[in-house]
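Chemist: Okay, here's what each chain looks like letter by letter:
There are 2 protein chains.
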Amino acid sequence: MSAPSHLDRAPSLADVLAQRLEQDIAQGHYMPGEKLPSEQQLATTYGVSRPIVREAIGRLKHDGLVTSRQGSGAFVAESGAASVFRLDVANFKDRQEIESLIELLMAIESSATELAAQRRTEQDLIALGHQLEAMQGAIERGDSGVDEDVAFHRAIVEATKNPFFMDLSTFLDRRVRHFIRTARANTAKLQTGHMMAVQDEHRNIFNAIRDKDAQGARHAAESHLKKAAQRLAIYMKPV
Amino acid sequence: MSAPSHLDRAPSLADVLAQRLEQDIAQGHYMPGEKLPSEQQLATTYGVSRPIVREAIGRLKHDGLVTSRQGSGAFVAESGAASVFRLDVANFKDRQEIESLIELLMAIESSATELAAQRRTEQDLIALGHQLEAMQGAIERGDSGVDEDVAFHRAIVEATKNPFFMDLSTFLDRRVRHFIRTARANTAKLQTGHMMAVQDEHRNIFNAIRDKDAQGARHAAESHLKKAAQRLAIYMKPV
DNA sequence: CATAACCAAGTTGCCTGACAAGATGGCAAC
DNA sequence: GTTGCCATCTTGTCAGGCAACTTGGTTATG
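One line per chain: the protein sequences are A and B, in this order.
Here the first sequence is numbered in this note's numbering, starting from 5 and rising by one per residue.
Here the second sequence is numbered in this note's numbering, starting from 5 and rising by one per residue.
Note that these hints are calculated values from the structure, not bench results.
All the given hints hold, so there is nothing to weed out.
Derived pair list, reagent style DSSO-like, types lysine-lysine, alpha-carbon separation capped at 30 Å:
| id | chain 1 | residue 1 | chain 2 | residue 2 |
| --- | --- | --- | --- | --- |
| 1 | B | 165 | B | 231 |
| 2 | A | 231 | B | 165 |
| 3 | A | 65 | B | 65 |
| 4 | B | 230 | B | 216 |
| 5 | B | 65 | A | 39 |
| 6 | A | 230 | A | 216 |
| 7 | A | 216 | B | 230 |
| 8 | A | 165 | B | 231 |
| 9 | A | 216 | B | 231 |
| 10 | A | 216 | A | 165 |
| 11 | A | 230 | B | 230 |
| 12 | B | 231 | B | 216 |
| 13 | B | 165 | B | 216 |
| 14 | A | 230 | B | 216 |
| 15 | A | 230 | B | 165 |
| 16 | A | 65 | A | 39 |
| 17 | A | 165 | A | 231 |
| 18 | A | 165 | B | 230 |
| 19 | B | 230 | B | 165 |
| 20 | B | 39 | B | 65 |
| 21 | B | 39 | A | 65 |
| 22 | A | 231 | B | 216 |
| 23 | A | 216 | A | 231 |
| 24 | A | 230 | A | 165 |
Could you put the whole structure together from the sequences, leaning on the hints where they help?
Modeler: Rendered as structure tokens:
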């Protein structure tokens, strides 16, 4: 709750005010549809200037929590209107939480793979095959193959034809990789033995998607992600 | 693209500038770690005042896309540092997209139910049982039972002990319910026959969680959500 | 010559004051 | 009683300025 992670960047006044207002709205202090106090009034009550209030309210507007009409005021949006899902970065402090995130990623990718098997077109299959070949080429060249790995998973979620799966998957994937990259000792390198195992698992997923075997695809994906998580675990600090 | 749905609220200058900068960062116009132009410079180049620039940059900071150091400047964050997943409200225009959203919700809840079966404590089971009884009471009283329904699902995701599942699930659930509530004809009312079916399906989920039957829990959840989606479909306009 | 202290310029964080545009409520005229 | 108008409030935007902080070069010192 208090310990600063990297840099204790002083929270700006707009930060704390936005958080305060967000909290007040979440706790029902301001009800949906209710008009919240004018900027001037908020400025005086919280002891800050109006631009700061504007900035704070601007963030709430950006997040879809309030809507404002010029000349009238700012109003609390209906409870389901929020348009962002925020992963609080401050939460990333221990192994427990990155594992929770990976768990979520696994859930998404498993379902995505299952859907991909049901819906893949011939073009999707071709794209998937190309990524598989690209990965093989990376192995033979001795490259890291990380980009090809990412591209393969991206091709899967694209085959779902569901934009939310695509967006959430890439978001979580980036987030997890970012965490791993910053947390692990830089000396550790991916081993080619690992890469060949990854390639085998990818091929299993590919075959299931090719055969439109939804259950098989889910199982292959779950197996792959489980093993990937184990491989990643060696890069993470012990709890 | 043009027809205003409710109110055609003119996008503020800070809105367009923030969107513009976000786009520039996403497209690699500014690379991670790079220092972006000073506020004064941005203000002159885009023809707006400095407070507007501050507000726009403030949003990017809030979303984790940039970090600023006083006296030094604002820098583009590393690509995986973004802390928000945004579901663009503008996308919700047709049935196709709400169905995609429901699909995502189903994926989350199915996995959550599976995890809940693996991890539920005795307390979780007791809480789940209470929600089941509350739902039964609502049926007998003739209430809508919506709140009890939500509470039951919430109890499931809480049993996962994974905060991301909890947050994402409640977020998506609210979002979907909000959409349904605004899209459906208000005359339509839930039928008690539906409620009893829901209660049966909930009981199946409960039993599987009680028995720590992960696979059974997933199947029960999938079946329940599939039927729930069908029941909801009658409230939605045809494509 | 190398190193350390120092200072000036640039940048962000924040404030005050002001004006324009749109909305709202009451007052006056009919 | 109804209608039209205007004073007032609120948001949107701008201008200018000061304090705190970082940075890089310059100068003084060992």
